[in-house]
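**Student:** Residue numbers (the numbering used here), protein chains in the order written: chain A, 1 to 337; chain B, 1 to 337; chain C, 1 to 337.
The hints are simulated quantities; they were obtained by calculation from the structure and are not laboratory data. Where hints are given, some of them may not hold.
Same chains, same names: a pair is fine if it fits in one copy or spans any two.
Stated by the list, open to error - No more than 27 Å apart at the CA atoms, straight line, and that leaves these computed lysine-lysine pairs for DSS-like:
1. K91 / K148
2. K91 / K333
3. K58 / K4
4. K88 / K244
5. K58 / K119
6. K247 / K58
7. K58 / K91
8. K148 / K333
9. K4 / K244
10. K4 / K333
11. K148 / K88
12. K91 / K119
13. K119 / K247
14. K58 / K302
15. K247 / K4
16. K58 / K333
17. K4 / K302
18. K333 / K119
19. K88 / K58
20. K302 / K91
21. K247 / K88
22. K333 / K247
23. K244 / K91
The structure presented is a predicted model; accordingly, all values stated were derived computationally and were not measured.
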Amino acid sequence: MRFKFSILALFLEVAVIVLYGIFVEYDRNSATALYPHFQDVHVMIFVGFGFLMTFLKKYGFSSVGFNMLIAAFGLQWGILMQGFWHMKGGKIHVSINSMINADFSTATALISFGALLGKTSPIQMLILTLLEITIFACNEHLVTEVLKATDIGASMTIHAFGAYFGLAAAFVLYRPGLTKKHENDESTYHSDMFAMIGTLFLWLFWPSFNSAIAGEQGTAIINTYFALAACTVTTFALSSLVDKRGKFSMVLIQNATLAGGVAVGTCADLAIHPFSAMFIGVLAGIVSVLGFQFLTPVMASKLRIQDTCGVHNLHGLPGILGGFAGIVVTAIKHETR
Amino acid sequence: MRFKFSILALFLEVAVIVLYGIFVEYDRNSATALYPHFQDVHVMIFVGFGFLMTFLKKYGFSSVGFNMLIAAFGLQWGILMQGFWHMKGGKIHVSINSMINADFSTATALISFGALLGKTSPIQMLILTLLEITIFACNEHLVTEVLKATDIGASMTIHAFGAYFGLAAAFVLYRPGLTKKHENDESTYHSDMFAMIGTLFLWLFWPSFNSAIAGEQGTAIINTYFALAACTVTTFALSSLVDKRGKFSMVLIQNATLAGGVAVGTCADLAIHPFSAMFIGVLAGIVSVLGFQFLTPVMASKLRIQDTCGVHNLHGLPGILGGFAGIVVTAIKHETR
Amino acid sequence: MRFKFSILALFLEVAVIVLYGIFVEYDRNSATALYPHFQDVHVMIFVGFGFLMTFLKKYGFSSVGFNMLIAAFGLQWGILMQGFWHMKGGKIHVSINSMINADFSTATALISFGALLGKTSPIQMLILTLLEITIFACNEHLVTEVLKATDIGASMTIHAFGAYFGLAAAFVLYRPGLTKKHENDESTYHSDMFAMIGTLFLWLFWPSFNSAIAGEQGTAIINTYFALAACTVTTFALSSLVDKRGKFSMVLIQNATLAGGVAVGTCADLAIHPFSAMFIGVLAGIVSVLGFQFLTPVMASKLRIQDTCGVHNLHGLPGILGGFAGIVVTAIKHETR
Numbered sequence: 001m002r003f004k005f006s007i008l009a010l011f012l013e014v015a016v017i018v019l020y021g022i023f024v025e026y027d028r029n030s031a032t033a034l035y036p037h038f039q040d041v042h043v044m045i046f047v048g049f050g051f052l053m054t055f056l057k058k059y060g061f062s063s064v065g066f067n068m069l070i071a072a073f074g075l076q077w078g079i080l081m082q083g084f085w086h087m088k089g090g091k092i093h094v095s096i097n098s099m100i101n102a103d104f105s106t107a108t109a110l111i112s113f114g115a116l117l118g119k120t121s122p123i124q125m126l127i128l129t130l131l132e133i134t135i136f137a138c139n140e141h142l143v144t145e146v147l148k149a150t151d152i153g154a155s156m157t158i159h160a161f162g163a164y165f166g167l168a169a170a171f172v173l174y175r176p177g178l179t180k181k182h183e184n185d186e187s188t189y190h191s192d193m194f195a196m197i198g199t200l201f202l203w204l205f206w207p208s209f210n211s212a213i214a215g216e217q218g219t220a221i222i223n224t225y226f227a228l229a230a231c232t233v234t235t236f237a238l239s240s241l242v243d244k245r246g247k248f249s250m251v252l253i254q255n256a257t258l259a260g261g262v263a264v265g266t267c268a269d270l271a272i273h274p275f276s277a278m279f280i281g282v283l284a285g286i287v288s289v290l291g292f293q294f295l296t297p298v299m300a301s302k303l304r305i306q307d308t309c310g311v312h313n314l315h316g317l318p319g320i321l322g323g324f325a326g327i328v329v330t331a332i333k334h335e336t337r
Numbered sequence: 001m002r003f004k005f006s007i008l009a010l011f012l013e014v015a016v017i018v019l020y021g022i023f024v025e026y027d028r029n030s031a032t033a034l035y036p037h038f039q040d041v042h043v044m045i046f047v048g049f050g051f052l053m054t055f056l057k058k059y060g061f062s063s064v065g066f067n068m069l070i071a072a073f074g075l076q077w078g079i080l081m082q083g084f085w086h087m088k089g090g091k092i093h094v095s096i097n098s099m100i101n102a103d104f105s106t107a108t109a110l111i112s113f114g115a116l117l118g119k120t121s122p123i124q125m126l127i128l129t130l131l132e133i134t135i136f137a138c139n140e141h142l143v144t145e146v147l148k149a150t151d152i153g154a155s156m157t158i159h160a161f162g163a164y165f166g167l168a169a170a171f172v173l174y175r176p177g178l179t180k181k182h183e184n185d186e187s188t189y190h191s192d193m194f195a196m197i198g199t200l201f202l203w204l205f206w207p208s209f210n211s212a213i214a215g216e217q218g219t220a221i222i223n224t225y226f227a228l229a230a231c232t233v234t235t236f237a238l239s240s241l242v243d244k245r246g247k248f249s250m251v252l253i254q255n256a257t258l259a260g261g262v263a264v265g266t267c268a269d270l271a272i273h274p275f276s277a278m279f280i281g282v283l284a285g286i287v288s289v290l291g292f293q294f295l296t297p298v299m300a301s302k303l304r305i306q307d308t309c310g311v312h313n314l315h316g317l318p319g320i321l322g323g324f325a326g327i328v329v330t331a332i333k334h335e336t337r
Numbered sequence: 001m002r003f004k005f006s007i008l009a010l011f012l013e014v015a016v017i018v019l020y021g022i023f024v025e026y027d028r029n030s031a032t033a034l035y036p037h038f039q040d041v042h043v044m045i046f047v048g049f050g051f052l053m054t055f056l057k058k059y060g061f062s063s064v065g066f067n068m069l070i071a072a073f074g075l076q077w078g079i080l081m082q083g084f085w086h087m088k089g090g091k092i093h094v095s096i097n098s099m100i101n102a103d104f105s106t107a108t109a110l111i112s113f114g115a116l117l118g119k120t121s122p123i124q125m126l127i128l129t130l131l132e133i134t135i136f137a138c139n140e141h142l143v144t145e146v147l148k149a150t151d152i153g154a155s156m157t158i159h160a161f162g163a164y165f166g167l168a169a170a171f172v173l174y175r176p177g178l179t180k181k182h183e184n185d186e187s188t189y190h191s192d193m194f195a196m197i198g199t200l201f202l203w204l205f206w207p208s209f210n211s212a213i214a215g216e217q218g219t220a221i222i223n224t225y226f227a228l229a230a231c232t233v234t235t236f237a238l239s240s241l242v243d244k245r246g247k248f249s250m251v252l253i254q255n256a257t258l259a260g261g262v263a264v265g266t267c268a269d270l271a272i273h274p275f276s277a278m279f280i281g282v283l284a285g286i287v288s289v290l291g292f293q294f295l296t297p298v299m300a301s302k303l304r305i306q307d308t309c310g311v312h313n314l315h316g317l318p319g320i321l322g323g324f325a326g327i328v329v330t331a332i333k334h335e336t337r
């Protein structure tokens, strides 16, 4: 692997620089007003996703390190792939806005990585990142430009897309030896503490994720904030309920508390009232906890899909829930007109 | 505890959503200019308070986890309780400003939790949060609206209030078996490192805490910044002085370095000159170190008040010092007119 | 050391407060627009530098703790030293801008500390901080005001200056017993995870560091962002290449990934095109990895300079590279006029 990975990575970096030399320019009209939003999203991508996956005691370095590699390559690639759909005069113009969108595109690859942690080599991850971000950019163009669908927080295009892409790859990379609870597939006291760093920075900055490119930023911030708070109380309640001794499960608290942010994404910038945002948060918490508790074990044993970090329950199911919420909200708006 | 906690938490969440459905609306005139300030305070509440308490080796999960539960429920409750005092047309209007105030209200419950860590169940903490935030909102209304007292950084209404509320609860929950230095009441190398994450994010964002809702934001930022810096140098000096071998004490560095931010809170937005802010910081460092070193052991053995994280020395005494500073500053201003 | 350190620290703090009483005033025209930038830089100084150095298992507390002491004293001293060069009416006027510059001045002392970790006492570090920041302020004045050289990200005046100052001190403090790989000079699994917290916050906020006081903020942000991303991919590629088994080295990933931010500093705010920024990032990654791998061991054994954290490879060499890049860019701009 020594030379193969190095040669591939260097080749990709050189190719990217050449493409940037040909196609990429500064956006002269760019403002820095969105820079604080960008920084929040940036922290989510590198610290949030990176540390969230450290709960497995043997994969601490892999998760933080590979996360950094995937994201650093992915954002360069994402700017190209998304930029090709919006060229002006044959040039891609980069701005803070492009950088936020590039971070979004890497999120899909990082979510998929969560399903594959411990099963893939760096080479496989680089190639998967390349492919997934290319497909994501096409799909996003289709959804937002061609179909004109509303998907601000990107419940579907980022979260559900990244989760199911990752699950499909996990199915392909299935290894029977891993079906039984593998000894590497465990957390320790300190690995769980590191994971909480990831959880908290994701939780705290999710309102920025859902509002960064929204029209109604204030509304998107408030809705996401309430959805997350309600989802968190629900997760603690259910976590204690599904445990035989009534104890809290760290894996649920690390993951299911975030499902509210995913689910409210689609309609975050609509005036759905705070209580609806909270209701979506509660539903997301329920779906996510049930997914972790009952669906993931069944998927691993029956469907041969091993979802290392449970991205299906954090991004997949809540993403679909968000899609449904978007449909319902749009239907009600039409009705009440 | 399994069903009791789950039922209580779910009941409270449903009740809150119903109340939001009836009373809570978006504030249509809300701007997002304060959003970066809000995010800083938000990080303090969840990462700062959460990790600061992780220095006890056995309570890492409890501190970060319960902290998240208390804060997530507390902010929903705080918006209701504070909002009831400022309703317009029978509605509570939420904005970034309300979210900052809600975070402030949860801070009181989290400070009290610091005194109670290891002695309370999740059910007790939920009820305490409910009660304390309700009382806080009434007290805050009394102090700022009725008495028209200046208390921007809330040295008294948040810090001293939270500390003494917690100490009162600690007195009620006194357990003789815990008087002697309990073996759980110790730190380890790594638990101390996690706690430094909490300390640093509190220390760094304290200027945002004291300036978030201040009129003179710039002044509040600068004063808090200098008070903290001076307090930190003082704490290191005294920490080495009170140790027999001249070594630094991690618990002092984790806590007393923050006392300057508490103490300068009351007069942070007044033009007291940077050197006065630094002087308040030095005094706060002295008071806090002496409190940890001499007062806390006496309180545990004589008064039967076990203050697990020493919140009396970080929030209680510096909060009172801040109150005094406010009185002195106001008196001088009157004199010089 | 018990009394000596305490007396020195308290004496310095009192002296600083007296000087502030005489010389320092609020800047009445100060705006808070740069506050988010300041906070990013502030996080880099205290969390970034503090945790980056925790990878040595025995020096976790020393690095985070001393880092906090040095920075808290250094910023107070830096405002005075830098302020003396810009007094108006015999007064130093502090603003958010001064606070950013003060953080920059402490960065030099913290970089030097990285070369000295494990070899110095707190007293030595306080004196070194005092001296280094004084010299830095004079040198900065010379470079930017007298020579009118462009050095926005301060590749040379901060990074190279801090590194070579620290290496000179390391040469003076050389101890033969430390030449052989000392058993304290090792990392553990968890110490490496803590160090990644430092790396990531430095990496994420480096665009703020390079743009905080730049004219063309947007350009400086974008160039730094691309330089870091390209440097990171390069570092991963080379890290695997120079390892016998093709494994990634944590020390390289923790440090060399940041070299791109240092090297692009000098010309970050110039319109050098994104691909040039990426090219500078790639060169910085190469220089830094080669430095860690081949130069540091030679310097320790032949030149008797023990660079504990390898600051020469993170700040020294990339800083010089940045200086060269600045010269080349300026020459090309003149040519094309």
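**Student:** Each of the hints needs a verdict: does it hold here or not?
**Tutor:** Status of each hint after checking the structure:
1. When the C-alpha separation of K91 and K148 is checked against a cutoff of 27 Å, the pair qualifies only within one copy, where the shortest distance is 24 Å, while the shortest distance between copies is 35 Å.
2. Within a single copy, K91 and K333 get their C-alpha atoms only as close as 39 Å, which misses the 27 Å cut-off; across copies the closest is 22 Å, which meets it.
3. With identical chains, the CA atoms of K58 and K4 are at most 27 Å apart within one copy only, with a shortest distance of 24 Å there and 36 Å across copies.
4. Taking the closest pair of Cα atoms, K88 and K244 never come within 27 Å of each other, the shortest separation being 60 Å inside a single copy and 47 Å across copies.
5. For the identical chains of this complex, K58 and K119 are intra-copy neighbours only, at 13 Å inside a copy versus 33 Å across copies, given an alpha-carbon limit of 27 Å.
6. For a Cα distance limit of 27 Å, the shortest separation of K247 from K58 qualifies both inside one copy, at 24 Å, and across copies, at 15 Å.
7. For the homomeric pair K58 and K91, neither the shortest alpha-carbon distance inside one copy (44 Å) nor that between copies (52 Å) is at most 27 Å.
8. Taking the shortest Cα distances, K148 and K333 sit within 27 Å of each other inside one copy (17 Å), while across copies they are farther apart (45 Å).
9. In this homomeric assembly, K4 and K244 come within 27 Å of each other (Cα to Cα) only across copies, at 14 Å, whereas the closest approach inside a single copy is 48 Å.
10. In the homo-oligomer, the alpha carbons of K4 and K333 never lie at most 27 Å apart, since the shortest distance is 55 Å inside one protomer and 39 Å across protomers.
11. Within a single copy, K148 and K88 get their C-alpha atoms as close as 21 Å, which meets the 27 Å cut-off; across copies the closest is 38 Å, which misses it.
12. Within a single copy, K91 and K119 get their C-alpha atoms no closer than 39 Å, and across copies no closer than 53 Å, so neither meets the 27 Å cut-off.
13. For the identical chains of this complex, K119 and K247 are inter-copy neighbours only, at 16 Å across copies versus 30 Å inside a copy, given an alpha-carbon limit of 27 Å.
14. In this homomeric assembly, K58 and K302 come within 27 Å of each other (Cα to Cα) only inside a single copy, at 26 Å, whereas the closest approach across copies is 38 Å.
15. For a Cα distance limit of 27 Å, the shortest separation of K247 from K4 across copies, 12 Å, qualifies, whereas the shortest one inside one copy, 47 Å, does not.
16. Taking CA atoms no more than 27 Å apart as the test, K58 paired with K333 passes in neither setting, with 49 Å inside one copy and 51 Å between copies.
17. In this assembly of identical chains, K4 and K302 lie within 27 Å of each other by CA distance neither inside one copy nor across copies; the values are 35 Å within and 35 Å between.
18. Taking the shortest alpha-carbon separations for K333 and K119, neither the intra-copy value of 45 Å nor the inter-copy value of 50 Å comes in at or below 27 Å.
19. With identical chains, the CA atoms of K88 and K58 are never at most 27 Å apart, being 47 Å at best within one copy and 55 Å at best between copies.
20. Taking the shortest Cα distances, K302 and K91 never come within 27 Å of each other, neither inside one copy (49 Å) nor across copies (52 Å).
21. Neither within a single protomer nor between protomers do K247 and K88 lie at most 27 Å apart by alpha-carbon distance, with minima of 57 Å and 43 Å respectively.
22. Taking the closest pair of Cα atoms, K333 and K247 never come within 27 Å of each other, the shortest separation being 42 Å inside a single copy and 55 Å across copies.
23. In this assembly of identical chains, K244 and K91 lie within 27 Å of each other by CA distance neither inside one copy nor across copies; the values are 60 Å within and 42 Å between.
Checked against the numbered hints given earlier, the structure breaks hints 4, 7, 10, 12, 16, 17, 18, 19, 20, 21, 22, 23 and satisfies all the rest.
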